[in-house]
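Peer 1: Fit chain X to the supplied structure of chain Z, relying on the hints for placement.
2 protein chains.
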Amino acid sequence: MIEIRQLFDPETSTYTYLLWDPSTREAALVDPVREHVERDLKLVSELELQLAFVLETHVHADHVTSAGMLADRTGATTVASALGAPCASRHLADGESVQLGSNSIRAIATPGHTRDSLSYYVDGHLLTGDALLIRGTGRTDFQSGDAGQLYDAITEKLFTYPDTTKVWPGHDYRGQSSSTVGEEKRHNPRLAGKTRDEFIEILNGLALAPPKQIQQAVPANLVCGRETQSLTA
Amino acid sequence: MIEIRQLFDPETSTYTYLLWDPSTREAALVDPVREHVERDLKLVSELELQLAFVLETHVHADHVTSAGMLADRTGATTVASALGAPCASRHLADGESVQLGSNSIRAIATPGHTRDSLSYYVDGHLLTGDALLIRGTGRTDFQSGDAGQLYDAITEKLFTYPDTTKVWPGHDYRGQSSSTVGEEKRHNPRLAGKTRDEFIEILNGLALAPPKQIQQAVPANLVCGRETQSLTA
Numbered sequence: 001m002i003e004i005r006q007l008f009d010p011e012t013s014t015y016t017y018l019l020w021d022p023s024t025r026e027a028a029l030v031d032p033v034r035e036h037v038e039r040d041l042k043l044v045s046e047l048e049l050q051l052a053f054v055l056e057t058h059v060h061a062d063h064v065t066s067a068g069m070l071a072d073r074t075g076a077t078t079v080a081s082a083l084g085a086p087c088a089s090r091h092l093a094d095g096e097s098v099q100l101g102s103n104s105i106r107a108i109a110t111p112g113h114t115r116d117s118l119s120y121y122v123d124g125h126l127l128t129g130d131a132l133l134i135r136g137t138g139r140t141d142f143q144s145g146d147a148g149q150l151y152d153a154i155t156e157k158l159f160t161y162p163d164t165t166k167v168w169p170g171h172d173y174r175g176q177s178s179s180t181v182g183e184e185k186r187h188n189p190r191l192a193g194k195t196r197d198e199f200i201e202i203l204n205g206l207a208l209a210p211p212k213q214i215q216q217a218v219p220a221n222l223v224c225g226r227e228t229q230s231l232t233a
Numbered sequence: 234m235i236e237i238r239q240l241f242d243p244e245t246s247t248y249t250y251l252l253w254d255p256s257t258r259e260a261a262l263v264d265p266v267r268e269h270v271e272r273d274l275k276l277v278s279e280l281e282l283q284l285a286f287v288l289e290t291h292v293h294a295d296h297v298t299s300a301g302m303l304a305d306r307t308g309a310t311t312v313a314s315a316l317g318a319p320c321a322s323r324h325l326a327d328g329e330s331v332q333l334g335s336n337s338i339r340a341i342a343t344p345g346h347t348r349d350s351l352s353y354y355v356d357g358h359l360l361t362g363d364a365l366l367i368r369g370t371g372r373t374d375f376q377s378g379d380a381g382q383l384y385d386a387i388t389e390k391l392f393t394y395p396d397t398t399k400v401w402p403g404h405d406y407r408g409q410s411s412s413t414v415g416e417e418k419r420h421n422p423r424l425a426g427k428t429r430d431e432f433i434e435i436l437n438g439l440a441l442a443p444p445k446q447i448q449q450a451v452p453a454n455l456v457c458g459r460e461t462q463s464l465t466a
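Order-wise, the sequence lines are chains Z and X. Residue numbers are given in the numbering used here: position 95 of the first sequence equals residue 95, and the series is strictly consecutive. For the numbering used here, count along the second sequence from 1 and bump the result up by 233.
These are computed hints drawn from the structure, not numbers from a lab. Since the structure is predicted, the reported quantities are computational estimates derived from the model, not experimental observations. Backbone N, C-alpha and C fix where the C-beta goes; we use that ideal spot for every residue, glycine too. Hints should not be assumed to be uniformly reliable.
Said to hold, decoys possible - Ranges of calculated distance between the beta carbons of each label pair, as one might list FRET restraints:
#: 1; chain 1: Z; residue 1: R196; chain 2: X; residue 2: F375; range: 55 to 63 angstroms
#: 2; chain 1: X; residue 1: P422; chain 2: Z; residue 2: E3; range: 18 to 26 angstroms
#: 3; chain 1: Z; residue 1: I214; chain 2: X; residue 2: D430; range: 48 to 56 angstroms
#: 4; chain 1: X; residue 1: D305; chain 2: Z; residue 2: I214; range: 22 to 30 angstroms
#: 5; chain 1: Z; residue 1: E48; chain 2: X; residue 2: E281; range: 39 to 47 angstroms
#: 6; chain 1: Z; residue 1: T160; chain 2: X; residue 2: D356; range: 28 to 36 angstroms
#: 7; chain 1: X; residue 1: T428; chain 2: Z; residue 2: E3; range: 31 to 39 angstroms
#: 8; chain 1: X; residue 1: D430; chain 2: Z; residue 2: A82; range: 56 to 64 angstroms
#: 9; chain 1: X; residue 1: R407; chain 2: Z; residue 2: R186; range: 32 to 40 angstroms
#: 10; chain 1: Z; residue 1: P189; chain 2: X; residue 2: T388; range: 43 to 51 angstroms
#: 11; chain 1: Z; residue 1: A93; chain 2: X; residue 2: A326; range: 56 to 64 angstroms
#: 12; chain 1: X; residue 1: R407; chain 2: Z; residue 2: A82; range: 28 to 36 angstroms
As the list claims (entries may be wrong) - To give an idea of the chain X side of the interface with chain Z (calculated C-beta under 7 angstroms), a few residues:
#: 13; residue: E236
#: 14; residue: L240
#: 15; residue: F241
#: 16; residue: E279
#: 17; residue: Q283
#: 18; residue: G408
#: 19; residue: S410
#: 20; residue: H420
Bound conformation, chain Z alone:
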């Protein structure tokens, strides 16, 4: 049994997730944002939780993580993909997991948005990072992104979970909070009824502006946000 609380950064439309086991009170934060470190630590404290893990879905280009600060202040273990930020204390390969109380949080390699993108599965919930978004997907035009890889990861991995599995994305820009695997199979305009080639054509044709913070965010996230901490201190 797991509890999930969704948190939001309006500046970058990033979702952070607080997960906890209600029996043991062990908690994990997924994709926490630097600007909200005090809000997030206060919530952990008010809920009388012990922060055991800080999990990253990938090296973000649009915001700086608070993983390093959280680890330094609470003793939590930072977790990332084996292909992700070298600063993490623990690196997970596809299928490996961490134990949060009675819950196993399983890492699923879902590359394509970035090479190191992980989704996490726990107790009927999929935290999909920037791989699968609500009625959308992550972009694939920088940081070793690959539209074909993303299509394969979503259709061959995420879409094999039951239709009722809850989907909690890393971002949303239209005021949507969650979805399900069944909904995305049927109604995601980039995926429903689309071939792999059509998906690649859609993604390669997006012509999006680069994320505003990419030059600062990527290097900062490779060191778990700790450089930024000392620079701004």
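Peer 2: Chain X only, in chain Z's frame:
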């Protein structure tokens, strides 16, 4: 059994809720926002739901409702407080309810932010409108607001629900999505350990600017947003 999906309007930080009975597929929208009528109708359709009710927690001063448009396009029944918008098809007094499939949605009069403020209770969930917010409350300085009434409504009505009851507010400005009765009892800075007089003093000392849209929103909401519909058509 009820399903809840939270939706957000970033412009006014308003939460809309889609509730449905997973067996009968009957649905209700709570506090829908005019600008998102297409998003919300699309979601209702994708989830294969039938919109039975549009519920308002009160006459809003910060955004215009889509209740009238939704009713006109789907046949849903608009519902408001007996002291609320006269345009609603059905008016609920304290303790009255509407039936959504196997679920009873009960209106709880929680005046103080406005005279007509309702909260709704269904299946372990409290939708608190602008009465109780996460670690905050609605303001009480316009539209017949009354800080003493709000204190009584929260402490004598909402806080009598079990501590585990989920709290879903009408707004949040700090990236928080939900709370529980227990959390708000213990950690709401305006309420935890505060007397009625202290609460009144806090609320009366807020000195907030008036909502930007108040001159347009209140008259529009008294006619379920329908005037606006024809004006902007």
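Peer 1: Evaluate each hint against the coordinates.
Peer 2: Here is how each hint holds up against the structure:
no.: 1; hint: Z:R196 - X:F375: 55 to 63 angstroms; result: 56 angstroms, holds
no.: 2; hint: X:P422 - Z:E3: 18 to 26 angstroms; result: 23 angstroms, holds
no.: 3; hint: Z:I214 - X:D430: 48 to 56 angstroms; result: 52 angstroms, holds
no.: 4; hint: X:D305 - Z:I214: 22 to 30 angstroms; result: 45 angstroms, violated
no.: 5; hint: Z:E48 - X:E281: 39 to 47 angstroms; result: 40 angstroms, holds
no.: 6; hint: Z:T160 - X:D356: 28 to 36 angstroms; result: 31 angstroms, holds
no.: 7; hint: X:T428 - Z:E3: 31 to 39 angstroms; result: 32 angstroms, holds
no.: 8; hint: X:D430 - Z:A82: 56 to 64 angstroms; result: 59 angstroms, holds
no.: 9; hint: X:R407 - Z:R186: 32 to 40 angstroms; result: 34 angstroms, holds
no.: 10; hint: Z:P189 - X:T388: 43 to 51 angstroms; result: 47 angstroms, holds
no.: 11; hint: Z:A93 - X:A326: 56 to 64 angstroms; result: 60 angstroms, holds
no.: 12; hint: X:R407 - Z:A82: 28 to 36 angstroms; result: 35 angstroms, holds
no.: 13; hint: E236; result: 10 angstroms, violated
no.: 14; hint: L240; result: 5 angstroms, holds
no.: 15; hint: F241; result: 4 angstroms, holds
no.: 16; hint: E279; result: 5 angstroms, holds
no.: 17; hint: Q283; result: 17 angstroms, violated
no.: 18; hint: G408; result: 4 angstroms, holds
no.: 19; hint: S410; result: 4 angstroms, holds
no.: 20; hint: H420; result: 5 angstroms, holds
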